[in-house]
Amino acid sequence: MMSPFLFWFFALMTLIFGAAVVINRNPVASALSLVVSFLGLSALFMSLNAYFVGIIQVLVYAGAVMVLFLFIIMLLNLQAEEQRRINTLASAGGIGVAIILLIQIAVTIGRFEAARQTFPPLSASTTDDVRNIGAALFRNYNLPFQIVGVLVLVATVGVVLLSKREPR
Amino acid sequence: MITLGDYLLVSAILFSIGFAGVMLRRNLIIILMSLELTLNAANLSLVAFSRFRVDPSGLPNYNAQVFVFFIITVAAAEVAVGLAILVALFRARQTTDVKDISSLKF
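These protein sequence lines map, in sequence, to chains D and E. FYI, our numbering numbers position 141 of the first sequence as 145, with every residue one higher than the one before it. FYI, our numbering numbers position 79 of the second sequence as 136, with every residue one higher than the one before it.
In isolation and in its complexed conformation, chain D is listed as follows (with noise of 0.2 Å):
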């Protein structure tokens, strides 16, 4: 396990950034926050004996995911944004929203028994999970693995139509 004083430094530094993306008004600034928020959240997986999947977040979110929106950003050039007035009832209006689903959140965690107790010791490694995750994935979920492969071809070929431009 990781010792807490890094658990704090990288849950603050995901969930401060996290907040970032939402109040920043420059698109870009929130797509880069949006790029550190996430590595810190591959540094919490990692923590949590969770190799694959923290490196996982590193390549497809922080990689691909992030360069396709700072590219569809730059592509449609987006500025606008500086002008608008914030309506301040309706922002009020939707962080106190969020502030409620929070408050029932954390009193549903306080009353989870479980939620007190540390992570129990590990009695074997975990530096081959690669080969663990593998093995469910192909001996249990191997019928979901190939709905999601579909789900993957058909998202391309939405994608290629979608972006298509009809002729006129």
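Hints are computed from structural coordinates only; laboratory data are not their basis. Treat the hints with caution; some may be incorrect.
Stretches of chain D that chain E covers, calculated by requiring three or more beta carbons in the stretch to come under 8 Å of a beta carbon on chain E [as the list claims (entries may be wrong)]: (1) 9 to 23; (2) 26 to 39; (3) 48 to 62; (4) 67 to 78; (5) 102 to 108; (6) 111 to 124; (7) 128 to 137.
Every residue, glycine too, gets a C-beta built ideally from N, C-alpha and C.
With the hints as your guide, set chain E onto chain D.
This is chain E only, laid out in the frame that chain D set:
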């Protein structure tokens, strides 16, 4: 020591931030980014539970991590389709602001 509740609390705060982003922001790209934050908050909870429930073999419960793998795959497909719709919308209307897209509003 760090307990399971600490990870769940971080996950809850991250989910709330993403939810607030979906509620507050009017730029569709930022709304998609906030959706990614909420999905990742769910992933953090799943991985924490996976580590908390140790199997008799001494390894974490990998079912949750397989679930996280599926969530990441589906989220990547979702972002690709969402951004393609965004580009198509921008071509048709020259805007990414949800306030300007109100044709279906009653």
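Results of checking the hints against the structure:
1. 9 to 23: holds (count 6)
2. 26 to 39: Holds, because 5 residues of the segment 26 to 39 of chain D bring their Cβ atoms closer than 8 Å to Cβ atoms of chain E.
3. 48 to 62: holds (count 9)
4. 67 to 78: The restraint on the segment 67 to 78 of chain D holds, since 6 of its residues have a Cβ under 8 Å from chain E and three suffice.
5. 102 to 108: holds (count 4)
6. 111 to 124: Our answer is that it holds, as 10 residues pass the Cβ test (under 8 Å) against chain E, meeting three.
7. 128 to 137: holds (count 5)
In this structure, every one of the numbered hints holds.
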